[in-house]
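K.L.:
Could you build the full structure based on these sequences and the hints that come with them?
Chains as they are written, first to last, in this note's numbering: chain R, 1 to 180; chain W, 1 to 423.
Because the hints were derived from the structure by calculation, they are not lab data.
Note that the Cβ used here is the ideal one computed from N, Cα and C, for glycine as well.
There's no promise every hint is true.
[Said to hold, decoys possible] Keeping only pairs whose Cα atoms sit at most 25 Å apart, straight-line, the calculated SDA-like set for lysine to any residue is:
#	chain 1	residue 1	chain 2	residue 2
1	R	Lys90	W	Val118
2	R	Lys90	W	Ala204
3	R	Lys164	W	Leu121
4	R	Lys90	W	Leu121
5	R	Lys24	W	Gly51
6	R	Lys164	W	Glu283
7	R	Lys28	W	Gly51
[What the hints assert, rightly or not] Chain W stretches covered by chain R per the calculated footprint, using a threshold of three residues with CB under 8 Å from any CB of chain R:
#	segment
8	43 to 56
9	202 to 214
[To be verified] Under 7 Å between C-beta atoms, here's a sample of chain R residues computed to sit facing chain W:
#	residue
10	Gly44
11	Cys70
12	Gly93
13	Ala99
Residues per chain, in single letters:
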Amino acid sequence: MTTYAMVIDTLSCIGCGDCVVACKNENKVPAGLNRDWVVEATRGEYPDLETEFRSERCNHCRHATCVTSCPTGASHHWKDTNIVLVTAAKCTGCKACIAACPYDARMLMRPEGYVDKCTFCHHRIDRGLDPACVASCPTHCMYFGILDNRDSIVSRLLRARRYKVLMPETGNQPQVYYLI
Amino acid sequence: MPESKPTLLRFVLQSLGHMFRGPPAYWVWVGFLFALILLGGWHYYLQLRDGLVVTHMTNQVSWGFYIANFTFLVGVAAAAVMLVVPAYIFHRRDIKDVVLMGDTMAIAAVTMAILFVVVDLGRPDRFWHLIPGIGRFNFPQSMLAWDVIVLNGYLLLNVGISFYIVYNHYQNKEPNERRYFPWVLLAIFWAISIHTVTAFLYSANSGRPFWNHALLAPRFIASAFASGPALMAIGLQIIRAISDYPIRQSVINHLALVATIALQVTLFFMLAELFTEFYNEGEHAASARYLYFGLDGHAALTPWIWTAIALLCIAVVILMIHPLRHNPIYMNIAFVLIIVGVWIEKGMGLIVPAFVPTPIGEIYEYTPSLIEVMVSIGIWALGFLLFTLLAKAALPVHCEYLRRQQAREQCNWDGFERRHNAD
Ligand code: SF4
Ligand code: SF4
Numbered sequence: 001m002t003t004y005a006m007v008i009d010t011l012s013c014i015g016c017g018d019c020v021v022a023c024k025n026e027n028k029v030p031a032g033l034n035r036d037w038v039v040e041a042t043r044g045e046y047p048d049l050e051t052e053f054r055s056e057r058c059n060h061c062r063h064a065t066c067v068t069s070c071p072t073g074a075s076h077h078w079k080d081t082n083i084v085l086v087t088a089a090k091c092t093g094c095k096a097c098i099a100a101c102p103y104d105a106r107m108l109m110r111p112e113g114y115v116d117k118c119t120f121c122h123h124r125i126d127r128g129l130d131p132a133c134v135a136s137c138p139t140h141c142m143y144f145g146i147l148d149n150r151d152s153i154v155s156r157l158l159r160a161r162r163y164k165v166l167m168p169e170t171g172n173q174p175q176v177y178y179l180i
Numbered sequence: 001m002p003e004s005k006p007t008l009l010r011f012v013l014q015s016l017g018h019m020f021r022g023p024p025a026y027w028v029w030v031g032f033l034f035a036l037i038l039l040g041g042w043h044y045y046l047q048l049r050d051g052l053v054v055t056h057m058t059n060q061v062s063w064g065f066y067i068a069n070f071t072f073l074v075g076v077a078a079a080a081v082m083l084v085v086p087a088y089i090f091h092r093r094d095i096k097d098v099v100l101m102g103d104t105m106a107i108a109a110v111t112m113a114i115l116f117v118v119v120d121l122g123r124p125d126r127f128w129h130l131i132p133g134i135g136r137f138n139f140p141q142s143m144l145a146w147d148v149i150v151l152n153g154y155l156l157l158n159v160g161i162s163f164y165i166v167y168n169h170y171q172n173k174e175p176n177e178r179r180y181f182p183w184v185l186l187a188i189f190w191a192i193s194i195h196t197v198t199a200f201l202y203s204a205n206s207g208r209p210f211w212n213h214a215l216l217a218p219r220f221i222a223s224a225f226a227s228g229p230a231l232m233a234i235g236l237q238i239i240r241a242i243s244d245y246p247i248r249q250s251v252i253n254h255l256a257l258v259a260t261i262a263l264q265v266t267l268f269f270m271l272a273e274l275f276t277e278f279y280n281e282g283e284h285a286a287s288a289r290y291l292y293f294g295l296d297g298h299a300a301l302t303p304w305i306w307t308a309i310a311l312l313c314i315a316v317v318i319l320m321i322h323p324l325r326h327n328p329i330y331m332n333i334a335f336v337l338i339i340v341g342v343w344i345e346k347g348m349g350l351i352v353p354a355f356v357p358t359p360i361g362e363i364y365e366y367t368p369s370l371i372e373v374m375v376s377i378g379i380w381a382l383g384f385l386l387f388t389l390l391a392k393a394a395l396p397v398h399c400e401y402l403r404r405q406q407a408r409e410q411c412n413w414d415g416f417e418r419r420h421n422a423d
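P.N.:
Take a look at the structure:
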């Protein structure tokens, strides 16, 4: 399985939300729904507190519980990568995947009745481009690449810096890394 | 009974005939259910037209009232084994005479359960993707795929067994035990499996700590064996009151005993869970806190769950005091309390809190919309109608058979009772 990963530097994120806007434009996400979002959290212990901005989205888990729980195979891994996509025409809207996703990354396209989510902009990857959110970030705090490749920017960053993933205890092996 | 040869066609025609004959009260009841079904159907049409947006389910709380009812009904369906096991494994004659009603109730309950899943789908027209063979069915990975198989299998098993027995009775033959017993045995295990699989559907979600624990499936089965027999006992008493179907009090007492024990176990499991969640309260207890005490000022479910606990506690006290349990009025009060209590606890109280707060810590509360309530009422009415029609068709055949059997055995109900008491 080829592993695509996103690395996000929480130390240089300013929480501007450009990634959210870029995604909405690129993927024509309807009003009221979001495929990515920015979380404003507090880090550290009193009195040494700081604000942490995290741009969050589907973690394109290597062990994706949304894929295992989907009864029809509408949720699937794209071309033997960790990228998780939903085939709209096969999705019954049963919402088993929404319950199964530990990261709240899925949404029901209503009234169309199927589930939608971040695709890591696989249509852009095919053309050799970065995902829209990564390309639009004004502070260059997001990086995208193949983790199996030791020289990729993401591999080098993860070797050089301290990082975390969200809720590693779920066993999903999430592939969005946060530099801290 | 027709003098002509009892063929399958005649059997079907005669059953239909029974369904369409009845006193005015029967027609009022059927008409009433029909009206509710039409009302539910109209609201389902609205949901089909406008999409799930007409429900109050959101991306955060994505399962609601429908799945709550589904969960409760799977329990009722599974509880038919509480008649099947004593009837076929322990050969209790009194229970064997009514086991058919247990199967009929299972058929109605499992049909309702399947319908509740269908109305919960955003795109029910794509349901065929879930049919093995036609769609690419994600089996054995997906728990929902398992659920589709076990629920439909259970429905088929119960329809098959009931049909075989009633048809044999119609032909005035003793059903061949060698032929149906293996299927009965299968149905017993299957009943446990529908419940276990449904519990696994929830407990498999590692991101939802409220569900993600090993006690969920045992707790499911315990509360199912409390609510199912309670509902069944009420149904049997109603049938006894309005027909000449001989239902012994010993059957009702048996169901009351089962419900008592299962309710005790349910309450014990609940206590164990409360202790584990709250003794050293961690982050994972947030959903439980929301349910039982409210979280950050949000407490929509708190009054409901405490009502349910109070009802179940009153019921267990009534059932544990023997003179009360053997008093028909108190016993039936306890049954109603159990049904309502478990319906809350295992329905909304189990499904909704798992989504509150969301994994990223937001709180979205959920109450069903009018459309959800109306559609649900329609499905319940459909289940009651199904049960009424099936029972109406099967009862005369079965009563006739029992009468002939007695004549053959040269015994009457008194002799029957003497023998049963001697056991
Ligand atoms: S984050 Fe959720 S939707 Fe994305 S792959 Fe993981 S489980 Fe699936
Ligand atoms: S909602 Fe769609 S993608 Fe999600 S589990 Fe059901 S069928 Fe699969």
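K.L.:
Evaluate each hint against the coordinates.
P.N.:
Do the hints match the structure? See the list:
no.	hint	verdict
1	Lys90(R) to Val118(W)	holds (15 Å)
2	Lys90(R) to Ala204(W)	holds (23 Å)
3	Lys164(R) to Leu121(W)	violated (36 Å)
4	Lys90(R) to Leu121(W)	holds (12 Å)
5	Lys24(R) to Gly51(W)	holds (22 Å)
6	Lys164(R) to Glu283(W)	holds (19 Å)
7	Lys28(R) to Gly51(W)	holds (20 Å)
8	43 to 56	holds (count 4)
9	202 to 214	holds (count 6)
10	Gly44	violated (18 Å)
11	Cys70	holds (6 Å)
12	Gly93	holds (2 Å)
13	Ala99	holds (5 Å)
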